[in-house]
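Colleague: Protein sequences appear in the order of chains A and B.
End of the first sequence = 582 in the numbering used here, gap-free, step of one.
End of the second sequence = 668 in the numbering used here, gap-free, step of one.
Please keep in mind that the hints were generated in silico from the structure rather than gathered at the bench.
No experiment lies behind these values; they were computed from the predicted model shown.
C-beta: ideal position from N, C-alpha, C; glycine also.
Hints are not guaranteed to be accurate.
[Said to hold, decoys possible] Here are the computed lysine-lysine pairs in the DSS-like style, where the Cα-Cα straight-line distance is at most 25 Å: (1) A:575 to B:656; (2) A:262 to B:472; (3) A:468 to B:542; (4) B:557 to A:176; (5) B:203 to B:30; (6) A:113 to B:364; (7) B:384 to A:482; (8) B:656 to A:574; (9) A:109 to B:364; (10) B:663 to A:274; (11) B:203 to A:482.
[As the list claims (entries may be wrong)] Computed Cβ-Cβ distance ranges for the label pairs, DEER-style: (12) B:397 to A:239: 32 to 38 Å; (13) A:127 to B:181: 52 to 58 Å; (14) A:105 to B:544: 51 to 57 Å; (15) B:397 to A:127: 57 to 63 Å; (16) B:560 to A:408: 30 to 36 Å; (17) B:600 to A:532: 31 to 37 Å; (18) B:155 to A:151: 53 to 59 Å; (19) B:396 to A:325: 40 to 46 Å; (20) B:501 to A:469: 35 to 41 Å; (21) A:410 to B:99: 55 to 61 Å; (22) A:500 to B:544: 57 to 63 Å; (23) B:611 to A:425: 51 to 57 Å; (24) A:410 to B:531: 22 to 28 Å; (25) B:514 to A:425: 29 to 35 Å.
Here is what each chain is made of, one letter per residue.
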Amino acid sequence: FSFFCLLPGAGQDVGRSCILVSIAGKNVMLDCGMHMGYNDDRRFPDFSYITQNGRLTDFLDCVIISHFHLDHCGALPYFSEMVGYDGPIYMTHPTKAICPILLEDYRKITVDKKGETNFFTSQMIKDCMKKVIAVHLHQTVQVDEELEIKAYYAGHVLGAAMFQIKAGCESVVYTGDYNMTPDRHLGAAWIDKCRPDLLISESTYATTIRDSKRCRERDFLKKVHETVERGGKVLIPVFALGRAQELCILLETFWERMNLKAPIYFSTGLTEKANHYYKLFITWTNQKIRKTFVQRNMFEFKHIKAFDRAFADNPGPMVVFATPGMLHAGQSLQIFRKWAGNEKNMVIMPGYCVQGTVGHKILSGQRKLEMEGRQILEVKMQVEYMSFSAHADAKGIMQLIRQAEPRNVLLVHGEAKKMEFLKQKIEQEFHVNCYMPANGETTTIFTNPSIPVDISLGLLKRETAIGLLPDAKKPKLMHGSLIMKDNSFRLVSPEQALKELGLTEHQLRFTCRVHIQDPRKEHETVLRVYNHLKGVLKDYSVQHLPDGSITVESILIQATAHSEDQGTKVLLVSWTYQDEELGSYLTSLLKKGLPQSTS
Amino acid sequence: FFQYCLSGHPTLPCNVLKFKSTTIMLDCGLDMTSTLNFLPLPLVQSPRLSKLPGWVLKDGSTFLDKELKDCSGHVFVDSVPEFCLPETELLDLSTVDVILISNYHCMMALPYITEYTGFTGTVYATEPTVQIGRLLMEELVNSIERVPKAQSASMWKNKEVQRLLPAPLKDAVEVSMWRKCYTMPEVNSALSKIQLVGYSQKIELFGAVQVTPLSSGYALGSSNWIIQSHYEKVSYVSGSSLLTTHPQPMDQASLKNSDVLILTGLTQIPTANPDGMVGEFCSNLAMTVRNGGNVLVPCYPSGVIYDLLECLYQYIDSAGLSNVPFYFISPVANSSLEFSQIFAEWLCHNKQTKVYLPEPPFPHAELIQTNKLKHYPSIHGDFSNDFKQPCVVFTGHPSLRFGDVVHFMELWGKSSLNTVIFTEPDFSYLDALAPYQPLAMKCVYCPIDTRLNFIQVSKLLKEVQPLHVVCPEQYTQPPPTQSHRTDLMIDCQPPPMSYRRAEVLTLPYKRRYEKIEIMPELADSLVPLEIKPGISLATVSAVLHTKDNKHVLQLPPKPPQPPASKKRKRVSDDVPECKPLKPLLSGSIPVDQFVQTLEKHGFSDVKVEDTAKGHIVLLQEAETLIQIEEDSTHIICDNDEPLRVKLRDLVLKFLQKF
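Bound-form chain B, shown alone:
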């Protein structure tokens, strides 16, 4: 078994597993941190951004000043933002049979894989994953396509040029592989290749492998995957949570007895407690609004936002915020809010029970009904008429490089009354804010990442006890900024095998058995013998058929001719063709009984001689000698076939066949 590691991002994984005869891609996450190197795409002409000076090399050359802009000492690419794709050269991606998706964040690179690599297989994902994944992609495509950018910079990517650039551009990896965003037709085509699956559904792949999604507790429809044959089990754990938020709880029991457990998607903020962060979020929000400021929450259109809205639903009245408008702005805001209410079966128990009443599972339905929460597809249109300040705005994209959030950053950035609260953990907030500097607005960092932390991981591993753990290399050492925190790494025995981008791992596993089916007719013909107490044995001579990786044993066909006919016309016709296999023999021959048997069968002149290792039985008249030892019998006779056969059968009476 091999694992090809196509992504180095531990929470946006992309691995390919060669398991038995199948090639399985596990997730295809898209690393969007690359966009932090680009200038934001403003929805409305921004004089500040358009006036940024071009970047000049130390030696004064200005040939890059069209492509690179300088903003308060940081250099940004002035171009359509680009994403860092999973490795596409490590193996031929057209050979991938299936792609398993674990959650909607880990499928954002799907169109690049399914549309550009010759991929002809099937993608498996749960229904919420697909529906919400579609919304994320729609929002992404929409926010980039709405702001057509004339220029597409490429000169800076030249290796010679890149070397001269300041960090972080200098250190950006594989910039030549960075790609522009896909289009909606590509998204639709990619999504049409997905087959919907439910938790604990067993999916057979080519008869050789079975894959099963399990609830992972992280997001609506998020799953871990079991990849197994009859004798080996690989668990793929990606983005799991043990906290009780809105999704169905994580299924841990089914991960037991794994030979290999691949562990990805742990929390990106291991030091922050999500509950504490939610509390801080609420109090900062309330404080800002009370002081007459606006609150901006850069976020994805699905996921944590549901939990934040639920908290606010309980909080706003007690905090005296009942009259403050909450706006959710995204091209998919309405869809996201609607979809969240129809996935009852994928929700935690409390929310499920509500649906039985029947009531909508999420309280944001009530916030909308009472006009406390309003949603708009964009800042244009109705929103501009309804817009009242101070207010709270939820909008994307969390990278602050595109989407409606860019507008609010430009609008509110100059006033210290306003606050931007970062809740999404995918982007460093300092990097995200860099092109908006200098900034008067207050910034609060409350990252909410509900995925497993290292304490939970070690508990989980103790409980499910995999034979081997495989994880990204980042998890095998403390975070670079906190090298003394040896508690912030995976600790297990045997130590985990780590991988990095563009590496191929050989997974440690050796199997010894395979499943085979014995047809009923053959089973009926078997004669089991008890060899030892409780252990029986039957010799099987059968025809092996193998089809679609399934093995079946059938009764051998009856020989067309009875073997009795000994008449031979021409010697060459009779060269034995298909050797019927003879069983192995075991046991020993008690000489006295053997001699008695011989005598019973008409051999009157039997003589026995002792030798060092056994006996020699002589049949004088027949000039035949039978050497009997503990583990062997040797019959030496003239070429008298009937005699030989007779003696053989007498010997076989004392032996067991295998």
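Next comes chain A alone, as it looks inside the complex:
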């Protein structure tokens, strides 16, 4: 009983997610992300890890995508259309709706703007999406007869889900990215006590215990406000969907309250579309938004307008949300280059940046950047980092483990050092094994599941009836025969097992002669034996039958006179193999003789 977790992508790195799980003979690929930090072959996972030769479709039973971020789904068209996979791909409805748009957006940046070849085409994205099966939250999807999957709400972004994968007696939960605290537009991740054999959790913020949400929000608003007040421009690189909507709601209400006039823009044509998705999938947002949407839709903004490229050169303060979020390409990078030289301006990075991106470089303090064409860009604008990305922090991860009660935990999607700290914490608090494999490393986890079998109702009822006796607290032994036939297991009473197999019972009986000294007549001897046994065996049914024999439960005792010695009586004690204990006990008891007559 074991799992294999092969990690072509994720592991001790936040770059991209792609995990292979083998469970009870079923192979499932979890996420299919691309690495944003690379512009070459390394951006896609190396799928030759999965099967050296042979088709992926034959090897994989299904692919599951947790949410629409490109580091979780960016390699999907490459995987399904260029490497070749025709099996089922599962994701939630919002993910299915939004993911192709982000893929197309990314394709445009890479191919149309940067002119790269060897990338997937628009048609490939469409063909890939045709293989996608949308799932509901909590719906049990039967992938095949043995394999089932179930999605749980994960927060993080619209449509993000955690997945439970179950095959045979074994189960794995894969969290994808999740968020254990509700925010301005999404609810908190939730899972039931499903006790998986393995929980695969992201660990982006493995060591952070983030300060309260309100503080962070106040801080953010203060910084934006100050910059705008002094006439500076604020650039907030975001992904079109997700954090952007939360920050928009935040700024919108702040502008309204403070009666601010500086324009707020949201770049790219995606904006309006993005907000439309939020309106149509409002059931995936948090309670408050869902409750009030009929009166007021939170995603219709008054102060936030569409951005035009020309606006970047406008004088005066402004706030611009621009994509993508890590400053690695596109409009956000263009604006950044324009504004970076002015110390009055500010860039606020509201989320994690992958190594290799401009975002990561400026966050790690680099102020001189080498741009394309050897040009050096000096960064004079203020650089701020605010952890707004909706990942679970250490507290959240621990909370999820407490909810799901896994038997093993495997950390992915984090940095090695931080993961090590969390691993120790988890092992200490929950006494479960915690693993943190590197990229490409295989982890085997041994499970020890109980085996479900069918028990015949007759046998169960017989046993539970015994169990209902006064001393029910004492564990009762039950006895049955397990019939194994064509992979089916049935536990039946021994009698039924014999009958089903067409066998007859072989009765083994013992009769022992016990000699006792008693000069009295036979029937008087019998009476003495009867009284004696009755006295000793208070909990047993001891009976004196009319034909002169005695029974103790099913054990028969008869007395005859000794053929030679009238003073000796021979007691014949007779029992079956099944009553051996009692029978053997009775003979030794009688052998000690009868107590002095009390009559």
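Got chain A sorted already, so can you dock chain B onto it with the hints?
Modeller: Structure of chain B alone, referenced to chain A:
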């Protein structure tokens, strides 16, 4: 298994199932046809209704003239309308563990059950069912509470009095149990007891039973339910449709292999084809408007109205109706239209695809945007300013007894230019119209009921092949008005078991197995033996633990003392307490080999005698006799325990243990 039948209405069911150790209520439909016996509640003072004469008994007594009014020969109760509740006396409803709701029409009695019976369980329903159900209840409460009625008639309910009344009042059942409408706080409290579920979600009840909602294709979020344990499966089919309208298609495959299939909520108009009715609806509407008349469509605020609006969206331009205003009047009109757009996941494939674009799934968004469709919470306020005739008005309630529809009936009833088009099938349109007679307005009956008809049912049953079918008695005979139509009843083998209100059925099912888990340590200790090719057997001696209806077998605890110690202090201490169970034996003993074995073990004086049924083996010195027959062995010896044990073990070598 028992089924308690609390409602006699085949499309508004309420059944309670006792399944294993759980008590499950299936739907709680509210029979609102009782309101047809009441006078309409006018929003504006209606001189016509207030001048109706009191009803006088044949013998001239007038003691009921305050309570009962006569309208063109029909007698109506002049009181707050009342509803016929599900049976509450048949069993103690506080023992109900869970309530499963199949669609928003079948939950209208929920507040009566959850708020008045001591119910402490959980209600399960899908999100659209709850949201739209809430809207229906809100509309109902609102339309009754807006028109406070001073009088609450009760005298007519007296059994002696009721007998004297004309039909249908005379024949109304259980009038003493009829209740006034609930209030919003009661609705909110009832709805707070609902837990949301998704299609194909497996919900464990007390470890004993699993329930799963399946798409039923009838309405947004409508579901059929599977109630199963490991070995038995009951399917509850309620309000299903195979037509492609807006909801997700019906999941039929999951209903297969049912032991019992409970079938309710079939079409109420088996002779009408919904598509044809929609066509008639459109053409009658167009004709009336073209002639300068108004069209009134009494309807519920959700459901078929979405499909009608979609048809009109495609129809109005070609029919030249682009300038005719469409009004949708209901306290929940706006909410209903908004909610319909956010349940993408519960919609049919075409509508889902639209959301991916992203576009609203229903075209009524466009009708609203282009001002062709306007919605108002009531006839008061903005509506009175915007109101232009001729027009088309969609409004409730379909019973014509309360809601804004009453106003339009009074307003337009006198002109033959106007038309009222009945599309909802829940109420007889003649009965609904009775208190408005005499009426000049045209009446068109286009009932649209997309639920299963009998042809579809028989196809469905053939496909899913349940062992037994249970249904309301109405489905086992042709409709009373069409007794020759034997095709309008359920036809299956074995014939369906039928139920009626206040009846208890015993469901035919006998189970033989239960699930039990063998702990890994115990599993490791088992020694399977191949008895026959492909069949292995292991004897299991284990401790049975039962918790939360789950059974687990564990290794027996190690005996605290090795059984070898034979020293005994006092006899009574040693009475064997817990008998370790000995296995059964099977097989036979070949005498020759047995004798050889005996000799190998030091018995030198073995003698064998043949008997009629077998052999007797004698050990002369030990004065021991062993009778061996095909199915039995009998060892007779002196009281020499070591000898007996030795012989026993030698015999056991030849036998298999079970």
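Colleague: If a hint holds in the structure, say so; if it doesn't, say that too.
Modeller: For each hint, the structure was consulted:
no.	hint	result
1	A:575 to B:656	holds, 22 Å
2	A:262 to B:472	violated, 43 Å
3	A:468 to B:542	holds, 10 Å
4	B:557 to A:176	holds, 17 Å
5	B:203 to B:30	holds, 23 Å
6	A:113 to B:364	holds, 15 Å
7	B:384 to A:482	violated, 76 Å
8	B:656 to A:574	holds, 20 Å
9	A:109 to B:364	holds, 15 Å
10	B:663 to A:274	violated, 75 Å
11	B:203 to A:482	violated, 51 Å
12	B:397 to A:239: 32 to 38 Å	holds, 36 Å
13	A:127 to B:181: 52 to 58 Å	holds, 56 Å
14	A:105 to B:544: 51 to 57 Å	holds, 56 Å
15	B:397 to A:127: 57 to 63 Å	holds, 59 Å
16	B:560 to A:408: 30 to 36 Å	holds, 32 Å
17	B:600 to A:532: 31 to 37 Å	holds, 34 Å
18	B:155 to A:151: 53 to 59 Å	holds, 56 Å
19	B:396 to A:325: 40 to 46 Å	violated, 54 Å
20	B:501 to A:469: 35 to 41 Å	holds, 38 Å
21	A:410 to B:99: 55 to 61 Å	holds, 59 Å
22	A:500 to B:544: 57 to 63 Å	holds, 59 Å
23	B:611 to A:425: 51 to 57 Å	holds, 56 Å
24	A:410 to B:531: 22 to 28 Å	holds, 24 Å
25	B:514 to A:425: 29 to 35 Å	violated, 60 Å
In the structure shown, a violation is registered for the earlier hints numbered 2, 7, 10, 11, 19 and 25, in ascending order.
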